[in-house]
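Student: Let the sequences and hints guide you as you build the complete structure.
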Amino acid sequence: SLFQNFFSAQTLVWIIFFVALGLFGIMTAIFTYHWNTYSVSTKVPKFVISVYLAVGLTILALMVSIALSYFSS
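Numbered according to our numbering, the sequence shown spans residues 1 to 73.
Accuracy of the hints is not assured; some may be wrong.
DEER-style ranges, computed between Cβ atoms [stated by the list, open to error]:
1) ALA54 / PHE18: 18 to 24 Å
2) LEU53 / THR11: 27 to 33 Å
3) PHE17 / ALA54: 32 to 38 Å
4) GLY22 / VAL64: 14 to 20 Å
5) VAL64 / HIS34: 25 to 31 Å
6) SER72 / HIS34: 36 to 42 Å
7) TYR33 / TYR70: 33 to 39 Å
8) ILE15 / VAL48: 14 to 20 Å
9) VAL64 / SER8: 18 to 24 Å
10) HIS34 / TYR70: 33 to 39 Å
11) TYR70 / SER50: 28 to 34 Å
12) TYR33 / LEU60: 32 to 38 Å
13) LEU23 / PHE47: 17 to 23 Å
14) GLN10 / VAL48: 22 to 28 Å
It should be emphasised that the hints constitute simulated quantities derived from the structure, not laboratory data. Ideal placement from N, C-alpha and C gives every residue a C-beta, glycine not left out.
Tutor: Here it is, written out as C-alpha cells:
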C-alpha cells in the first residue's frame, strides 16, 4: 500500500519481476562462465554455489510473496 501512490501494484510486480529476472540471468551467466573456466575436475567453491542458491531463492521468495499480497488485496 506504500507503493500504490507511486506505482500500481501490477506495475510494481512486473518491474520487480524483470529486475529479478535480469539479475538471475546475469548470475547464471557468471556461474556458467566460472563453471566452464574451471576444469571439470576442479570443483566450484561451495560458497559460490551457496550464495547463488541463496540469492536465487530469496528473489523467488520475494516474487511469490509480492504476487500473493497483490492477489490477496
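Student: Hint by hint, note whether the structure agrees.
Tutor: Against the structure, the hints:
no., hint, result
1, ALA54 / PHE18: 18 to 24 Å, "holds (21 Å)"
2, LEU53 / THR11: 27 to 33 Å, "holds (29 Å)"
3, PHE17 / ALA54: 32 to 38 Å, "violated (19 Å)"
4, GLY22 / VAL64: 14 to 20 Å, "holds (18 Å)"
5, VAL64 / HIS34: 25 to 31 Å, "holds (28 Å)"
6, SER72 / HIS34: 36 to 42 Å, "holds (40 Å)"
7, TYR33 / TYR70: 33 to 39 Å, "holds (35 Å)"
8, ILE15 / VAL48: 14 to 20 Å, "violated (28 Å)"
9, VAL64 / SER8: 18 to 24 Å, "holds (19 Å)"
10, HIS34 / TYR70: 33 to 39 Å, "holds (35 Å)"
11, TYR70 / SER50: 28 to 34 Å, "holds (30 Å)"
12, TYR33 / LEU60: 32 to 38 Å, "violated (22 Å)"
13, LEU23 / PHE47: 17 to 23 Å, "holds (18 Å)"
14, GLN10 / VAL48: 22 to 28 Å, "violated (35 Å)"
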